[in-house]
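Going down the list, the protein sequences come from chains A and B.
Every letter in the first sequence is one number past the one before it in our numbering, and letter 118, counting from 1, is 118.
Adding 324 to a residue's 1-based position in the second sequence gives its number in our numbering.
Quick caveat, the hints were computed from the structure, so don't treat them as lab data.
One or more hints might be untrue.
To be clear about the criterion: a stretch of chain B counts as covered by chain A if any three or more of its residues have a C-beta under 8 Å from a C-beta of chain A, and this derived list gives those stretches [to be verified]:
1) 415–423
2) 496–504
Not close to chain A: a few residues of chain B, all C-beta gaps over 12 Å, as computed [to be verified]:
3) Trp351
4) Arg410
5) Pro459
6) Gly483
From the three backbone atoms N, C-alpha and C, an ideal C-beta is built for every residue, glycine too.
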Amino acid sequence: MTGGERPRLFGAEEDRRLLDRAAAAATVVPERLRLETRRALETRIFSPGRFRGLGLGLAVALLGGSALAYGLVAGRGAPTEQPSGPEPLAPRAGPPALSPPVLEAPLPERPARRKRQPAPIRTATGWSPAEAVGGRFTMLAEDEDALEPAPASAEPRLLIAREGQPEVGLVLAADRVVGRVRGTPVDLTIEGGQLRGTLGRRNVWLWLRGHEASGEIGGVPVRFELVETRDGHQLREGFSVRSSLPYGATRVETTATSLSWSGCGKPLGAIAGGYGGRCASGAESRVAIPPRWQQLPALPRLILLSLFLTERDPAMAPLFGAGQ
Amino acid sequence: VRIAVHGGAVTKGQPTALHRAGDLTAWRDFYERYLPLVYRVAGRMGVPDSELGDVCQEVFLRAYRGMGAFRGEAQVGTWLYTIVVREAARARRARVVRTALLALLGRQPPEVAPDLVARSEAAREVERVLGGLKPRQREVLVLFDLEERTLEEIAEILGCPLETVRSRLRLARAEFSRIRAREALARGGSR
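Please build the complete structure, drawing on both the sequences and the hints.
This is the structure we're talking about:
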């Protein structure tokens, strides 16, 4: 019995006829299924995937690392152009057992191309939302011409004012946060269970799952955990798995009446529109948090606060301050 | 040798335009041409209407990703049949696990939406009888008697020896007749 012989007879002749009729029936694909499946497939196939970007970043990091290891490019001391992908941890300055791991020193900023950008709008605090978009998430868009326009300055703003330090102002427009922290452009987006974007030229990519966030900042693995306290929330660095953030570096806690973080040393009390008071050092501090920020889920909200409030911590400082 | 798309017809030949990332037109030609086949075979393999969209999507995604590795030694149709059969089997296993888990939790599986797809009476009856066959027998019977593939092709699609295909086909046909006879008897008894 081969395919060529096609033994069509089996059992009752009735069975054969039934099968023949079924085989001859035309197939009609429902129009809705055809269109929906095609649309879904084209999205999956033709959209530039985040994994493709991750793979590219990983490849760049591996190539860079290999080149360094084999001495093909000069190491420290000889200024060389570095790749813009995720960067490895910098060597520790002190004894390894005592000094915390430190994120790599920042790369020099690329000169901004502004041919398609509107004239800068100077706000009261002297920063411009248009300037703030220094570079979209580099895994998704390298071309600055493709950047979305920065949100208008009328959007609600997070203001962090500390005595003796420049004011930090960040705009929250829809799910996007833009601004400058110590001269470093910040552009972060919260969407689809992710917090992603850029801090200067470093990619930020965090997956938000329940009370945990894990991912990378500038190629360095980080992890945060949100803990519900009796009357608020506390953000801690992940301690259940390896994280590059040292213990206590980014700890932020909010309650209905106070805001505290590791760098302040003393909780700030609630005032109209935010929190204010003196830190343990005696420096006057004020954090204005617009209602829109309070509507964000606790985990991304505290992560953002953590990034901007602890920007002078030794672990976080290298991410900021390029413009200083 | 890869697949080339020429005006909707897929043949073996030059490196494909379809495989070039971003060639949307070639991709749509391929999709529109082969969707009826994929949809029909998946349905005949027992994939319920509610899951047909997902299975079709997976089949085309795997086809697209595997396009570069397709060596052109088999016909495109045979290659697609292989993917559909595997995906239908995977969907069946997932369904079994889901049902078992729901049973373990003491819950009823969700109600299956009524069959809105217009099918002929013969197709419905065949589908009902095929539901009584073992999955492996069903695969062979569908491929041989409904899809009219040759035994050699079926052996290639299922990745098993020719003798195994013959044996499964013989058993499947016997079982098909038995189920129909039993149904006829039940109908006669209920009258």
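To see whether the hints hold, each was checked on the structure:
no., hint, verdict
1, 415–423, "violated (count 0)"
2, 496–504, "holds (count 5)"
3, Trp351, "violated, 7 Å"
4, Arg410, "holds, 18 Å"
5, Pro459, "holds, 18 Å"
6, Gly483, "holds, 16 Å"
Hints 1, 3 from the earlier list are contradicted by this structure; the remaining hints agree with it.
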